[in-house]
Amino acid sequence: MQDGAALERARTLMMQALDGEISAGERRELDDLITGSPELVAEWRRLRRVKEVTTDMTLQNPPAEIWDGYWTSVYRRTERGLAWVLISIGVTIPAAYWVWHVIRSFLADTNMPLFLKLPIAALAIGVLLLVISVVREKLFTARRDPYVKEVIR
Amino acid sequence: MLQTADAGQTDDGALVRRAQAGDAEAFGLLVERYMRRAYFAALALVSRREDALDLSQEAFARAFLARRSIDPERPFYAWLYQILRRLCFNFLRDRRTRARTFEAAGTWLADEAAERFRSDPADALARREAQRRVAAAMEALPAREREVLALKEFESLTYREIASLVGIPVGTVMSRLYSARRRLADALEEP
Numbered sequence: 001m002q003d004g005a006a007l008e009r010a011r012t013l014m015m016q017a018l019d020g021e022i023s024a025g026e027r028r029e030l031d032d033l034i035t036g037s038p039e040l041v042a043e044w045r046r047l048r049r050v051k052e053v054t055t056d057m058t059l060q061n062p063p064a065e066i067w068d069g070y071w072t073s074v075y076r077r078t079e080r081g082l083a084w085v086l087i088s089i090g091v092t093i094p095a096a097y098w099v100w101h102v103i104r105s106f107l108a109d110t111n112m113p114l115f116l117k118l119p120i121a122a123l124a125i126g127v128l129l130l131v132i133s134v135v136r137e138k139l140f141t142a143r144r145d146p147y148v149k150e151v152i153r
Numbered sequence: 001m002l003q004t005a006d007a008g009q010t011d012d013g014a015l016v017r018r019a020q021a022g023d024a025e026a027f028g029l030l031v032e033r034y035m036r037r038a039y040f041a042a043l044a045l046v047s048r049r050e051d052a053l054d055l056s057q058e059a060f061a062r063a064f065l066a067r068r069s070i071d072p073e074r075p076f077y078a079w080l081y082q083i084l085r086r087l088c089f090n091f092l093r094d095r096r097t098r099a100r101t102f103e104a105a106g107t108w109l110a111d112e113a114a115e116r117f118r119s120d121p122a123d124a125l126a127r128r129e130a131q132r133r134v135a136a137a138m139e140a141l142p143a144r145e146r147e148v149l150a151l152k153e154f155e156s157l158t159y160r161e162i163a164s165l166v167g168i169p170v171g172t173v174m175s176r177l178y179s180a181r182r183r184l185a186d187a188l189e190e191p
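Protein sequences, first through last, are from chains X and B.
Numbering-wise, my numbering puts 122 at position 122 of the first sequence, and it's gapless, one number per residue.
Numbering-wise, my numbering puts 51 at position 51 of the second sequence, and it's gapless, one number per residue.
If you're looking for bench data, these hints aren't it; they were derived computationally from the structure.
The model shown is predicted, which means the values in this text are computed figures rather than measured ones.
Every residue gets a Cβ at the ideal spot worked out from N, C-alpha and C, and that includes glycine.
Each hint should be verified, as a subset may be incorrect.
[To be verified] Going by beta-carbon spacing under 10 angstroms, a handful of chain B positions derived as facing chain X:
(1) THR107
(2) LYS152
(3) ARG181
[Said to hold, decoys possible] Listing some non-contacts, in silico: residues in chain B with all C-beta distances to chain X over 12 angstroms:
(4) GLN20
(5) ALA21
(6) PRO75
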């Protein structure tokens, strides 16, 4: 039975051996660790089997013609990105002005009965809360994205 | 493979400088130089060709828009790869929350091995089945383990190169590889 540190070391050396990144001395160390441990012998056999399979695996080539228009597609994307930014600005500012105008006239309208004013106000507040919630969630996710920060020691 | 990129660093740097000065064609040359590598890196992570194409192109588009922030003295691909992996990880995270369309595992892999063992149909069949199992298990791996495994198996990078590209210590590369391979071994032994 191996202790935890020896197991950890054996596993590290197994990876190095599988990937051809092991020195002669480390190879002897690995053999010594494995010898007499049926558990490690079995693990080593399983890992070698995986390596055999993955070595045979290659990624599928796409149709050759996609490379011809690749850069053009990238360039068009950047153009479209700019277009969307301009459209968003063009839509958001007038829309915000229009919403503000509607709210003002709604609040100023003394003829509208209260039973209509209250549900419309509830609807407006609900939509506002929903937008705030979605934006907050997006910001929260972006800040806590586990893939953004990799620990460098 | 990183050495190749490093060797071309001077050229990359010159192209980056030209792109930063407003020469879009120079950036186009960088795209042509790295489009295959970026595409295959994305494919190894997201499995579907259409998604890999979309994500790799999106990474270049974002790189183009942010080209003024590139350091011409540093390898271009390493910088691009940070954008690409982030896009792929976000894509995987979003996809896992959506209902996935059924697709046979391993359709992103070439069938070259089966061709090689065509002389022995039984062996070819066994290998194909093993590959199908491993491919399915790879698709289910945690994204960061899959990333390291893909860089090792499909790009044949050294541990040091992977560590440098991903921004993690070499020990973490090995522990992620071990964890990934152990999961694949379990998948191979499933009845």
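Right, here's what the structure says about each hint:
Proximity of THR107(B) to chain X holds as hinted, the smallest CB-CB distance being about 8 angstroms (cut-off 10 angstroms). With 10 angstroms as the threshold, the beta carbon of LYS152(B) comes within range of chain X, its nearest partner Cβ sitting at about 6 angstroms, so the hint holds. Because the closest C-beta pair between ARG181(B) and chain X is about 5 angstroms apart, less than 10 angstroms, the hint holds. Even its closest Cβ contact with chain X, about 15 angstroms, leaves GLN20(B) beyond 12 angstroms, as expected for a residue assigned away from the interface.
A cut-off of 12 angstroms between C-beta atoms confirms that ALA21(B) is not in contact with chain X; the least separation is 17 angstroms. Its beta-carbon lying about 17 angstroms from the closest one in chain X, PRO75(B) satisfies the requirement of being farther than 12 angstroms from that chain.
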